[in-house]
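Novice: Sequence:
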Amino acid sequence: MKRTFAVAAIAALMLSACSGLRDALSAHTDWVARASSTELTVTQLANLLGKSRAPIRKDIAKSIANVWVDYQLLGVAAAHNDSLADPKAIDEAMWPAIANLKARKWYDIVSKTWGMEDTTAAQRQWASGEIMAADHILLLTQGKTDAQKADIKKQIDALRARVTPANFADLAKKNSQDKVSAERGGSLGIFPKGAMVPEFEKAVQALKPGEISPVVTTTYGYHIIRRPTYDQVKGQLLSASKGRSVAVAESTYLAKLEANGKIEVKKGAIATVKALANDPDAYRHDNTVLATSVAGKFTTARLVGWLETLPPNARVLDQIKQMPDTLVTQLIRRFANNELVLRQADSAKVQIDSAELAQLHASFVGAVGNAWAQLAVVPASLRDSAKTDGDREKLAARRINEYFTRMLSEQAPFVPVPTPLSNILRTKYKYSFNDAGFDRAVEEASKIRNSADSARTSRQPATAVPLGNPPPPVTPSSTPPSVKK
Numbered sequence: 001m002k003r004t005f006a007v008a009a010i011a012a013l014m015l016s017a018c019s020g021l022r023d024a025l026s027a028h029t030d031w032v033a034r035a036s037s038t039e040l041t042v043t044q045l046a047n048l049l050g051k052s053r054a055p056i057r058k059d060i061a062k063s064i065a066n067v068w069v070d071y072q073l074l075g076v077a078a079a080h081n082d083s084l085a086d087p088k089a090i091d092e093a094m095w096p097a098i099a100n101l102k103a104r105k106w107y108d109i110v111s112k113t114w115g116m117e118d119t120t121a122a123q124r125q126w127a128s129g130e131i132m133a134a135d136h137i138l139l140l141t142q143g144k145t146d147a148q149k150a151d152i153k154k155q156i157d158a159l160r161a162r163v164t165p166a167n168f169a170d171l172a173k174k175n176s177q178d179k180v181s182a183e184r185g186g187s188l189g190i191f192p193k194g195a196m197v198p199e200f201e202k203a204v205q206a207l208k209p210g211e212i213s214p215v216v217t218t219t220y221g222y223h224i225i226r227r228p229t230y231d232q233v234k235g236q237l238l239s240a241s242k243g244r245s246v247a248v249a250e251s252t253y254l255a256k257l258e259a260n261g262k263i264e265v266k267k268g269a270i271a272t273v274k275a276l277a278n279d280p281d282a283y284r285h286d287n288t289v290l291a292t293s294v295a296g297k298f299t300t301a302r303l304v305g306w307l308e309t310l311p312p313n314a315r316v317l318d319q320i321k322q323m324p325d326t327l328v329t330q331l332i333r334r335f336a337n338n339e340l341v342l343r344q345a346d347s348a349k350v351q352i353d354s355a356e357l358a359q360l361h362a363s364f365v366g367a368v369g370n371a372w373a374q375l376a377v378v379p380a381s382l383r384d385s386a387k388t389d390g391d392r393e394k395l396a397a398r399r400i401n402e403y404f405t406r407m408l409s410e411q412a413p414f415v416p417v418p419t420p421l422s423n424i425l426r427t428k429y430k431y432s433f434n435d436a437g438f439d440r441a442v443e444e445a446s447k448i449r450n451s452a453d454s455a456r457t458s459r460q461p462a463t464a465v466p467l468g469n470p471p472p473p474v475t476p477s478s479t480p481p482s483v484k485k
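Under this note's numbering, the letters of the sequence shown match residues 1 to 485, in that order.
Mixed in with the good hints, there may be bad ones.
As the list claims (entries may be wrong) - Computed cross-link-like contacts, DSS-like style, restricted to lysine-lysine with a CA-CA straight-line distance of at most 27 Å:
no., residue 1, residue 2
1, 88, 349
2, 256, 102
3, 266, 112
4, 387, 349
5, 267, 297
6, 430, 387
7, 242, 193
8, 153, 173
As the list claims (entries may be wrong) - Ranges between beta-carbon positions, derived for each pair:
no., residue 1, residue 2, range
9, 142, 266, 50 to 58 Å
10, 55, 380, 38 to 46 Å
11, 252, 325, 40 to 48 Å
12, 268, 439, 54 to 62 Å
Hint data in this document are derived by calculation from the structure and do not stem from the laboratory. Backbone N, C-alpha and C fix where the C-beta goes; we use that ideal spot for every residue, glycine too.
Could you build the full structure based on these sequences and the hints that come with them?
Specialist: This is the structure:
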């Protein structure tokens, strides 16, 4: 009897322990992000994502949560009337932009002597037709009916009867529907063979320098074309010839810099770079050494900083995820090379002047003020509505959550938070993410989306025609754009 009771007691204890563990684990996945004392729950994120038009993926969920954290931390700063305007903190947060500016200044200095005009090459390319030039007057016919095209043909014929070498530029400015070239008197500048549509290029080749063509028809419309003389485009041709020698000089400079810099990519660096592409915020302060050179250790944190200098539309992180290992190695070497350029700039005492630094600071402070205004958390308005810092934090959090919901339902514009501002906010104030919570949020969002899709399908007539095909997937290029000028 005692034994039976003991076994029952142990079983009850085990069940209780399992229940406690299950409850603890469940509680652990009830939230996805925290910013100060405010929490983004699994349910909130699932509803936001499921009811939006965004793809339901974990990386998308993380992107949404990152924006939410930045907004909430902006609200915390506003609640405490923190202008975030400390110059030292701004300089530390904006080091990639400052370093890039300094490197560009040095690049301007060393590149002044690069390149020489090659008169012989310019004349040869012009004479052979490898490089051409043209001016034109264009009347568009795309999307026009046959009757409309006939009227346009009469107009272009009348113009051709009036055109002379003396009045070509003036008539192009007044009549050409290619507005960009019209402002330059119809000039399309110089261009390589094969750059224009075949009908246009054939017409240019048929002209002697200085001659004007009869009316030429292309898929764009009707053209009157003039072929400039060598002397008229000589400056452009010589500038282009110098550009080629500049490219050679630049390539030589960078190759020599890398060779003398003794860049060595570390074992395991490729895996680290691939990992940071999925979550750069987690590696923002990571000191894992990716490569070494005479400039010192090139760390993951430095790479994240340099990547932040690239425009968002470059989509470099997406490209890194799909890069073969050889290209990831090239990327590491490329950015390590930036450190070598910066080292040379420091050796040459290249400095950012006070006016440039003041402009950077002003743009930072302006970004804070603009974000506060759009999110409706301007410190003065919070002080007018709440007495204590805690109450102001709650008010700011509530306003931001309301704005965030409207934004994801496309009823309010996206408020950009520059990376340096995000860095300062995340250094000063507490925030955290819960990876397990993201998994649950994506799962719940999928149910919400599927339910909405099913309801929409049930209301749709059987003969309904689809509105269109989904856009094709974006295929990133194999290499990211250079950080250099």
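Novice: Under the constraints set out in the numbered hints, which ones does this structure not fulfil?
Specialist: 3, 4, 11, 12
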